[in-house]
Amino acid sequence: MKKLMNDPNAFAAEALEGLAQAYPQYVRKIEGLTAVTRKEAPIAGKVAVLTGGGSGHEPMFAGFVGPGWADASVVLFLYGNYAGDVLNFDTAAEMLAEDGIQVSTVRICDDVASAPPERRDERRGIAGDFFVIKVACARAEERAGLTAVTSAAKKANDHLRSMGVALTSCVIPASGRPIFALSDQEMEIGMGLHGEPGVQRGLLASADPVAEDMVGRILADLPAKAGDEVAVLVNGLGATPLSELFIMFRATYRRLSDAGLVVWRSYVGNFASSLDMAGCSFSIMRLDSDLKRLLSAPAESPAFVQAG
7 MKKLMNDPNA
17 FAAEALEGLA
27 QAYPQYVRKI
37 EGLTAVTRKE
47 APIAGKVAVL
57 TGGGSGHEPM
67 FAGFVGPGWA
77 DASVVLFLYG
87 NYAGDVLNFD
97 TAAEMLAEDG
107 IQVSTVRICD
117 DVASAPPERR
127 DERRGIAGDF
137 FVIKVACARA
147 EERAGLTAVT
157 SAAKKANDHL
167 RSMGVALTSC
177 VIPASGRPIF
187 ALSDQEMEIG
197 MGLHGEPGVQ
207 RGLLASADPV
217 AEDMVGRILA
227 DLPAKAGDEV
237 AVLVNGLGAT
247 PLSELFIMFR
257 ATYRRLSDAG
267 LVVWRSYVGN
277 FASSLDMAGC
287 SFSIMRLDSD
297 LKRLLSAPAE
307 SPAFVQAG
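If you use the working numbering, the sequence shown corresponds to residues 7 to 314, in order.
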């Protein structure tokens with residue numbers, strides 16, 4: 007294992023400290039915690055949106071803290087639907103409730119590979135977290151109340167589907183070992199961000215058929231019809247070059263156009279990674295006028311700046 011690090015057990019804390027030092031205009035580190043908060047938080051009259059999860063998915067989650075983004079990386083809790091995150095955030099919600107602070111929670115469940123449609127609330131949250139967090143934070147910036155901000159997050163979650171493909175495992179700094187094995191000739195469709203099993207393992211194929219297959223699986227699950235506008239995210243898992251991601255987006259754009267869908271806005275890059283895993287994921291969100299307004303609202307954070 008070759009990694010630029012010091013003590014493997016301090017990997018997450020040192021990375022977060024470096025992020026806060028590099029972007030003091032957006033965030034500050036919370037003393038004694040592996041967490042950051044928006045520089046000017048708390049903001050009077052604004053619903054605080056908090057998000058978080060395990061380290062190693064950078065820039066998710068701490069990279070999306072700042073104006074137009076989350077108030078802390080933790081009143082609305084937004085996070086991917088994983089057992090450990092559910093336990094931690096539920097405990098935090100109970101503690102806040104005991105202090106008289108009203109809390110709402112939305113568990114993001116965009117990964118179509120992790121459970122069938124009839125058990126959608128059991129699905130994992132993957133890179134589609136980006137869309138839900140962006141929409142909810144934009145609504146909070148409008149000084150909407152907790153109910154309205156929660157409603158916006160739920161709508162984004164309901165309109166969203168994702169799926170990923172892994173080409174290699176990541177290596178956990180503390181162990182120095184891959185978390186699963188794939189040969190040079192293999193890929194796995196539907197694998198989760200932590201190496202959770204996918205829906206199909208097979209021989210590595212060219213970019214176009216892989217993208218077309220995965221987008222087809224997403225569209226089979228997403229209620230969308232010809233003429234609908236969508237937002238698209240092609241997300242790198244950490245070790246996939248941007249050039250390859252653009253090749254995947256090219257195929258995605260063609261597949262969506264063939265289905266009669268209009269790509270209204272698109273994002274390509276690393277948004278929710280798995281350390282140094284090779285592969286990518288696809289997220290598609292069906293849009294309406296409200297989601298378009300919130301998705302396009304200005305936002306600034308260490309990992310993402312959007313003028314409008």
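Since the hints were derived computationally from the structure, they do not count as laboratory data.
Among the hints, a few may not be true.
[As the list claims (entries may be wrong)] With a cut-off of at most 27 Å between alpha-carbon atoms, the simulated DSS-like pairs for lysine-lysine come out as follows:
1. K45 / K35
2. K52 / K161
3. K298 / K161
4. K52 / K231
5. K161 / K231
6. K298 / K231
7. K160 / K298
8. K52 / K35
9. K9 / K45
10. K8 / K52
11. K161 / K35
[What the hints assert, rightly or not] Computed beta-carbon distance windows for the label pairs:
12. D105 / G208: 33 to 41 Å
13. G106 / I185: 35 to 43 Å
14. D294 / M7: 40 to 48 Å
15. K160 / R207: 28 to 36 Å
16. D105 / A232: 46 to 54 Å
17. L248 / S181: 37 to 45 Å
18. P247 / Q191: 29 to 37 Å
19. D105 / V269: 25 to 33 Å
20. L210 / D13: 49 to 57 Å
21. L210 / Q31: 14 to 22 Å
22. P122 / P184: 40 to 48 Å
Bear in mind that the values here come from a model prediction, so they are computed numbers and not experimental data.
Yeah, the Cβ is synthetic: ideal placement off N, Cα and C, and Gly gets one too.
Hints, verified against the model:
| no. | hint | in the structure |
| --- | --- | --- |
| 1 | K45 / K35 | holds (9 Å) |
| 2 | K52 / K161 | holds (20 Å) |
| 3 | K298 / K161 | holds (12 Å) |
| 4 | K52 / K231 | violated (36 Å) |
| 5 | K161 / K231 | holds (17 Å) |
| 6 | K298 / K231 | holds (17 Å) |
| 7 | K160 / K298 | holds (15 Å) |
| 8 | K52 / K35 | holds (21 Å) |
| 9 | K9 / K45 | violated (30 Å) |
| 10 | K8 / K52 | violated (44 Å) |
| 11 | K161 / K35 | violated (31 Å) |
| 12 | D105 / G208: 33 to 41 Å | violated (52 Å) |
| 13 | G106 / I185: 35 to 43 Å | holds (42 Å) |
| 14 | D294 / M7: 40 to 48 Å | holds (46 Å) |
| 15 | K160 / R207: 28 to 36 Å | holds (34 Å) |
| 16 | D105 / A232: 46 to 54 Å | holds (50 Å) |
| 17 | L248 / S181: 37 to 45 Å | violated (28 Å) |
| 18 | P247 / Q191: 29 to 37 Å | violated (20 Å) |
| 19 | D105 / V269: 25 to 33 Å | violated (45 Å) |
| 20 | L210 / D13: 49 to 57 Å | violated (36 Å) |
| 21 | L210 / Q31: 14 to 22 Å | violated (42 Å) |
| 22 | P122 / P184: 40 to 48 Å | violated (29 Å) |
Taken one by one, the earlier hints fail for this structure at numbers 4, 9, 10, 11, 12, 17, 18, 19, 20, 21, 22, listed in ascending order.
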